[in-house]
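Enquirer: Chain by chain, the residues run as shown.
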Amino acid sequence: MSVKIILFGRLADIAGDSVSVDNVADTDSLVDSLNKRYPQLATTKYVIAVDKQVVTKNTVLNKKSMVALLPPFSGG
Amino acid sequence: MKERKPKNIFVQGPIAASFIADSIQKHSSKIDIGGHSIFLGQVRADKIDGKEVTSIEYTAYEDMALERMYTIREDIFKKYDLTCMHVYHSLGIVKAGEISLFVFTSSAHRKAAIDACEETVERLKAELPVWGKELLTDETYHWKENPQTP
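As they're listed, the protein sequences go chains A and B.
FYI, my numbering numbers position 63 of the first sequence as 63, with every residue one higher than the one before it.
FYI, my numbering numbers position 32 of the second sequence as 32, with every residue one higher than the one before it.
Source of the hints: derived by calculation from the structure; they are not laboratory data.
Since the model is a prediction, treat every value here as computed from it, not as a measurement.
Every residue gets a Cβ at the ideal spot worked out from N, C-alpha and C, and that includes glycine.
Each hint should be verified, as a subset may be incorrect.
[Said to hold, decoys possible] What follows is a list of derived Cβ distance ranges for each label pair: (1) B:Lys26 - A:Asp32: 50 to 60 Å; (2) A:Lys52 - B:Gln25: 34 to 44 Å; (3) B:Ile31 - A:Asn58: 51 to 61 Å; (4) A:Asn35 - B:Lys30: 50 to 60 Å; (5) B:Ile48 - A:Asn58: 28 to 38 Å.
[To be verified] Part of the chain B face toward chain A, derived, beta carbon under 10 Å: (6) Thr59; (7) Ala65; (8) Phe77; (9) Val121; (10) Pro129.
[Unchecked claim] List of simulated lysine-lysine pairs, DSSO-like, C-alpha gap at most 27 Å: (11) B:Lys78 - B:Lys30; (12) A:Lys57 - B:Lys125; (13) A:Lys52 - A:Lys64; (14) A:Lys45 - B:Lys26; (15) B:Lys26 - A:Lys52; (16) B:Lys26 - B:Lys111; (17) B:Lys78 - A:Lys52; (18) A:Lys36 - A:Lys52; (19) A:Lys64 - A:Lys36; (20) A:Lys45 - B:Lys125; (21) B:Lys26 - B:Lys79; (22) B:Lys30 - B:Lys95; (23) B:Lys79 - B:Lys7; (24) A:Lys52 - B:Lys125; (25) B:Lys79 - A:Lys52; (26) B:Lys79 - B:Lys30; (27) B:Lys51 - B:Lys26; (28) A:Lys45 - A:Lys63; (29) A:Lys63 - A:Lys52; (30) A:Lys52 - B:Lys133; (31) B:Lys47 - B:Lys7; (32) A:Lys63 - A:Lys4; (33) B:Lys7 - B:Lys78; (34) A:Lys4 - B:Lys133; (35) A:Lys36 - A:Lys4; (36) B:Lys95 - B:Lys125; (37) A:Lys45 - B:Lys133; (38) A:Lys45 - A:Lys4; (39) A:Lys64 - B:Lys7; (40) B:Lys7 - B:Lys133.
Can you build the whole structure from these sequences, using the hints too?
Expert: Next comes the structure, spelled out in structure tokens:
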């Protein structure tokens with residue numbers, strides 16, 4: 001299964017605004033796959049949002065999942 | 001009247017002083033209000049490695065930010081006896097000295113407005129997926145980070 005993810009802030013500087021990742025079933029495997037492709041991501045702080053909710057545990061993805069990688073916020 | 005519908009908080013570019021003045025003026029018809037509290041966030045010319053911040057370019061995950069803001073608004077209205085609340089946040093470039101955040105709470109008595117305003121500012125800085133790219137004098141940039149974001 002291929003999942004499209006969107007990236008923001010400094011993460012977009014590293015990997016672009018959006019990336020498609022093949023053969024990922026959950027957020028842990030997504031992170032593994034991204035870290036292989038973009039080693040800089042492995043050392044960058046971020047949280048993952050699935051369907052606009054921040055997830056803190058490994059989360060199962062489906063092809064409709066909206067996945068976003070969010071670096072530390074700096075609004076205001 | 002409490003506001004329940006989700007609304008857009010984002011405005012392109014800086015928030016003009018005249019817009020803030022108009023917002024205040026609009027409340028003159030709400031004569032049950034006894035106090036307003038306003039927070040204005042202004043872009044600061046921080047020094048970073050000897051370079052100065054000339055402006056901040058804001059981006060956001062807008063859909064998620066508006067959902068989060070809706071939740072914050074609901075929580076604040078449950079906790080404080082507010083008459084109304086208005087929040088505006090800039091996107092795009094805001095120069096040093098210009099306003100990028102406008103939070104405006106109103107209530108019958110001052111304490112609710114003051115406390116709600118402060119809590120709303122703290123929560124939105126920590127919870128809204130918004131990013132500020134600090135543009136520096138030498139045309140490099142630095143990603144700003146708020147304390148206590150996830």
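Enquirer: A separate judgement is required for each hint: does it hold in the structure or not?
Expert: To see whether the hints hold, each was checked on the structure:
1. B:Lys26 - A:Asp32: 50 to 60 Å: holds (53 Å)
2. A:Lys52 - B:Gln25: 34 to 44 Å: holds (35 Å)
3. B:Ile31 - A:Asn58: 51 to 61 Å: holds (54 Å)
4. A:Asn35 - B:Lys30: 50 to 60 Å: holds (53 Å)
5. B:Ile48 - A:Asn58: 28 to 38 Å: About 36 Å separates the Cβ atoms of isoleucine 48 of chain B and asparagine 58 of chain A, which means 28 to 38 Å holds.
6. Thr59: holds (6 Å)
7. Ala65: Nearest chain A Cβ about 8 Å off; hint holds.
8. Phe77: violated (21 Å)
9. Val121: Given a least distance of 7 Å, the restraint on valine 121 of chain B holds.
10. Pro129: This hint holds: proline 129 of chain B lies near chain A, its Cβ roughly 5 Å from the closest one there, short of 10 Å.
11. B:Lys78 - B:Lys30: holds (20 Å)
12. A:Lys57 - B:Lys125: Judged against 27 Å, a Cα distance of about 24 Å means the pair holds.
13. A:Lys52 - A:Lys64: holds (13 Å)
14. A:Lys45 - B:Lys26: Measuring from Cα to Cα gives roughly 43 Å; hence the hint is violated.
15. B:Lys26 - A:Lys52: violated (34 Å)
16. B:Lys26 - B:Lys111: holds (21 Å)
17. B:Lys78 - A:Lys52: Measuring from Cα to Cα gives roughly 23 Å; hence the hint holds.
18. A:Lys36 - A:Lys52: holds (25 Å)
19. A:Lys64 - A:Lys36: holds (24 Å)
20. A:Lys45 - B:Lys125: holds (17 Å)
21. B:Lys26 - B:Lys79: This hinted pair holds, its Cα atoms lying about 25 Å apart.
22. B:Lys30 - B:Lys95: violated (34 Å)
23. B:Lys79 - B:Lys7: Status holds; Cα separation ~20 Å.
24. A:Lys52 - B:Lys125: holds (17 Å)
25. B:Lys79 - A:Lys52: holds (25 Å)
26. B:Lys79 - B:Lys30: holds (21 Å)
27. B:Lys51 - B:Lys26: Not OK: lysine 51 of chain B and lysine 26 of chain B at ~41 Å, beyond 27 Å, violated.
28. A:Lys45 - A:Lys63: Distance of about 25 Å is within 27 Å: holds.
29. A:Lys63 - A:Lys52: Between lysine 63 of chain A and lysine 52 of chain A the Cα gap is close to 15 Å, so the pair holds against 27 Å.
30. A:Lys52 - B:Lys133: Within the cut-off at roughly 22 Å; holds.
31. B:Lys47 - B:Lys7: Between lysine 47 of chain B and lysine 7 of chain B the Cα gap is close to 35 Å, so the pair fails against 27 Å, i.e. violated.
32. A:Lys63 - A:Lys4: Holds: lysine 63 of chain A and lysine 4 of chain A sit about 8 Å apart, inside 27 Å.
33. B:Lys7 - B:Lys78: Holds. Lysine 7 of chain B to lysine 78 of chain B sits at ~18 Å (cutoff 27 Å).
34. A:Lys4 - B:Lys133: holds (24 Å)
35. A:Lys36 - A:Lys4: Between lysine 36 of chain A and lysine 4 of chain A the Cα gap is close to 17 Å, so the pair holds against 27 Å.
36. B:Lys95 - B:Lys125: holds (19 Å)
37. A:Lys45 - B:Lys133: It holds: about 16 Å lies between the C-alpha atoms, which stays within 27 Å.
38. A:Lys45 - A:Lys4: holds (20 Å)
39. A:Lys64 - B:Lys7: Distance ~25 Å between lysine 64 of chain A and lysine 7 of chain B Cα, so the pair holds.
40. B:Lys7 - B:Lys133: Between lysine 7 of chain B and lysine 133 of chain B the Cα gap is close to 25 Å, so the pair holds against 27 Å.
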